[in-house]
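**Student:** Chains A and B supply the protein sequences, listed in that same order.
Under this note's numbering, the residue at position 323 of the first sequence is numbered 320, and the numbers go up by one with no gaps.
Under this note's numbering, the residue at position 144 of the second sequence is numbered 141, and the numbers go up by one with no gaps.
Read the hints as simulated data drawn from the structure, not as lab findings.
Accuracy of the hints is not assured; some may be wrong.
[To be verified] One side only, chain A facing chain B, incomplete, derived with CB under 7 Å:
#1 Pro134
#2 Thr135
#3 Ala143
#4 Thr147
#5 Arg151
#6 Pro155
#7 Val159
#8 Glu197
#9 Gln225
#10 Arg229
#11 Pro335
#12 Gly336
#13 Met357
#14 Leu360
Each residue gets a CB set at the ideal place from its N, CA and C atoms; glycine is no exception.
Number of protein chains: 2
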Amino acid sequence: MKIIKSTLTQSLFLTVQLSPMKRYEQYAQEITDLIKAQTLRPGDRLPSVRQASAHRKISPSTVFEAYYLLEARGLVQARPRSGYYVNALTQPTQAEPHTALPSQQSTPVVISDLVFEVLGSTRNLDVVPLGSAFPSPTLFPLDKLARSLTPAMRKLAPSRMVEDLTLGNDRLRRQIGLRYVVEGAAVEVDEIVITHGAMEALNLCLQVVTQPGDVVAVESPTFYSALQALERLNLRAVEVATHPRDGVDLDSLAEVLQRHPVKACWFMPNFQNPLGSLMPDHRKQALVELLATHEVPLIEDDVYGELYFGLRRPLPAKVYDRHGLVMHCSSFSKCLAPGYRVGWVAAGRFAQQVQRLKLMTTLATAIPSQLAISDYLQRGGYERHLRQLRQILATQQALALRLIAQHFPKSTRVTRPEGGYFLWLELPPQVDTLQLHRLALSQRISLAPGHMFSADQRFSHCLRLNYGHPGDDRFEEALKTVGLLACRLCEETGLGDARHPHLPPQYMSVPHTTT
Amino acid sequence: MKIIKSTLTQSLFLTVQLSPMKRYEQYAQEITDLIKAQTLRPGDRLPSVRQASAHRKISPSTVFEAYYLLEARGLVQARPRSGYYVNALTQPTQAEPHTALPSQQSTPVVISDLVFEVLGSTRNLDVVPLGSAFPSPTLFPLDKLARSLTPAMRKLAPSRMVEDLTLGNDRLRRQIGLRYVVEGAAVEVDEIVITHGAMEALNLCLQVVTQPGDVVAVESPTFYSALQALERLNLRAVEVATHPRDGVDLDSLAEVLQRHPVKACWFMPNFQNPLGSLMPDHRKQALVELLATHEVPLIEDDVYGELYFGLRRPLPAKVYDRHGLVMHCSSFSKCLAPGYRVGWVAAGRFAQQVQRLKLMTTLATAIPSQLAISDYLQRGGYERHLRQLRQILATQQALALRLIAQHFPKSTRVTRPEGGYFLWLELPPQVDTLQLHRLALSQRISLAPGHMFSADQRFSHCLRLNYGHPGDDRFEEALKTVGLLACRLCEETGLGDARHPHLPPQYMSVPHTTT
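Please take these sequences and the hints and turn them into a complete structure.
**Tutor:** Written as structure tokens, this is what we have:
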């Protein structure tokens, strides 16, 4: 209950309007606590639905919802005609990756060629897209969205084609504003600018707060698009040590802020790409406060925040912003409408500058896309879609972890993110993952080698792996092949790590955030 | 026939695939020549449809089409139950503006605040948008486009949501490529990148060929978005003298190229914003050749090219490009689908760089918008829509010119562009058009003062006037009011220019391009 308590405490200060936990969530949390405390152990059977319902005086459907949630989180599994059983989670088979120690020097960035090479390979439909940045488009209600397009545009008065040009469609901005209210962030609708996806939002923010030559702090490893943006704008990157579970290391950041004239931070506190790390709320708060003392703006990339496997959406760091220094960027591309290119930024004190820059660079965001999403949100069904999506991704993660445990070199380390659709793998140091990517590509499998995620070569034995393509029946075979190729690379170096005992299939737990 | 002949001659060298003139176009051209030669004079009646049909052995509908075209070009007018009569065009009532002589110094640019002030005022629907950059959205087949959206998206395989991300939708790019073939430009489909409107295309091109501090040549006066882009990227502008009818002065440009290390030119050869000037084809060719000798890329902004009032679309300068140095940017925003944000660039040798930069800044262009336009083009009707649109705009221009002749200070000079929806007015030098804009705004009328179109103050007595709102019944009254305010400003300075004899309403001719 720690996470929840600390959230509630913060909410007193921040007027966070958290809706109270639902019954099934409470019951699921109690069982989670029992599993953590090892009162319930792997293989134990949960109370039957009838027992639990009678005993706890809750409806059978509430019990079902709770078990369903626990299953989605990988804590229990259903056995047909038998009931729900606790999964093995005492010790995960594989350790999590190390926290890399960046050089703390600011460096110019040159990674684009590699990124384009790798991304180019993921667009071929013949290739299994383990290296892709996108989840499968089949995961989204594309048909429902398409049905919204024509009626929404036909309802629009032609004059709005001009009016909506600047900030974006008014109703959509209010709908986004409402979601901030629910999350507890004090965001004014007027500071929200609709953009062509989060990518445009992030780039606008970066340009607004920097000049060529400036130093920008990023995570390590970091999302290659952040590095590309720095490269393009002639900015210097200083990488901050980032824990694979808890995100940016605040001591390291404090040191960086002392040593460098940092003009902005570009961080992803929720399900960071590529690590999947999730900053605990109190660390988000400390981050925002630390940056405020240095008057450094935070460009918060929060595109994966909705894809959580836990009980509720992790808060954006923006919730803790009292000085308008946090520019919170997100989009619908990863959770609802890929290809529609609708994102936004709540840009705090920089809102007008962002808006003007947008007007000068792409003028306005496509109106059909905005209206279709607004219409979809209005009609309801978004929350239900998100619940399904989260469960599918959680299940896929469990599958991917099991396959990695079975087929990858023994000393492979791997993250177990609490959301999103990426795993980050640390292979034995002798494995060059760019070589692995090229070997895999000859087998029609793409990978995202660690080289893409840093301005230096510290992650050349690491790998980002996309498990967000559940409909793709080539996925299992592809993971086995990559594991085999990695083992072979190990063997060639003669270090003997390659032979990996074939572990029995098993679920692995999603690790918990330490608070 | 001069224009046509020179085009055909060029086509021999350039394999321009011009479709042969249609019958009605030939007949209209013959009458145009007779009017120019003063064989037919103002007030003369054209042969009746029956006479002409019998005499020339062409169908009555062909004669009708020819007269219809001549009327759209302002050369003749129909009188009910009487026939078609030649308009007065011996001497236009008002002279055309002077060619301004820029300083030839390169200067940093600071105009954004003013531009935002003025543009902000045009978004209020209560204000008559004479200062707007956009034509009325009621001019476009918005309902037809909207009807395309849902079916087009439902037909799309989800996998294409990923495939289409980079360059844009394949079919749309081929459709655009086909239009280049018709115009005679040797453009490969692979060099076409779909963008969020021409604005993004232009900005991407500019970034690809410049570094901060570089010098870029622009027209004088020039489109304020070009100036804003330079300002944003810390580039220096050198303005090149631009003739209000014939566009960029090539001698001035040659001199500029000698004196400055120009890294790019951003020009609008077709219906330049704000002048409406149209470079004759042989000057476009000379421009491209001059720039090629200096290895200077041309960023060609051609968003108004389809809005011609003459017989055929003016060629893009890109037609003459043999070195891949011309980046031809255009969009559907001004001629078909405002608010859809679909533009493109055919970027020649810079195509891959543009594509990569696009991928890094906004990732991809909204797919629903692309598909709706592609679907609309496929179904046909675009040419018919364009013909109607051109005729409406030509008629509106004639109305605006008549009102200006009646109500503006006597010595007002005004352009008579052969396309687009802007007039450029040169008022007596004592009139400050920013003051005029603010006075007009208190009467709920917006204007675009000359200050917005140059990095210095040479155009502070000039004005861009948008006549592209034919449905707006406030238009006539607004023009009268602005004329009255301008006269009053003249009177206050005591120069006596203000009292303007009330001329009888009359059509004024569209001037011809000297070749």
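**Student:** Now look at each hint and say whether the structure bears it out.
**Tutor:** The hints, checked one at a time:
1. Pro134: holds (4 Å)
2. Thr135: The hint holds - A:Thr135 has a Cβ within 7 Å of chain B, the shortest such distance being about 5 Å.
3. Ala143: Because about 4 Å separates A:Ala143 from the closest Cβ in chain B, which is inside the 7 Å limit, the hint holds.
4. Thr147: holds (4 Å)
5. Arg151: holds (5 Å)
6. Pro155: holds (4 Å)
7. Val159: holds (6 Å)
8. Glu197: holds (4 Å)
9. Gln225: holds (5 Å)
10. Arg229: Status holds, d = 6 Å.
11. Pro335: holds (5 Å)
12. Gly336: Cβ of A:Gly336 sits 4 Å from chain B, so the hint holds.
13. Met357: A:Met357 check passes; min Cβ-Cβ to chain B is 5 Å, inside 7 Å.
14. Leu360: holds (5 Å)
Comparing the model with each earlier hint shows no violations; every hint is respected.
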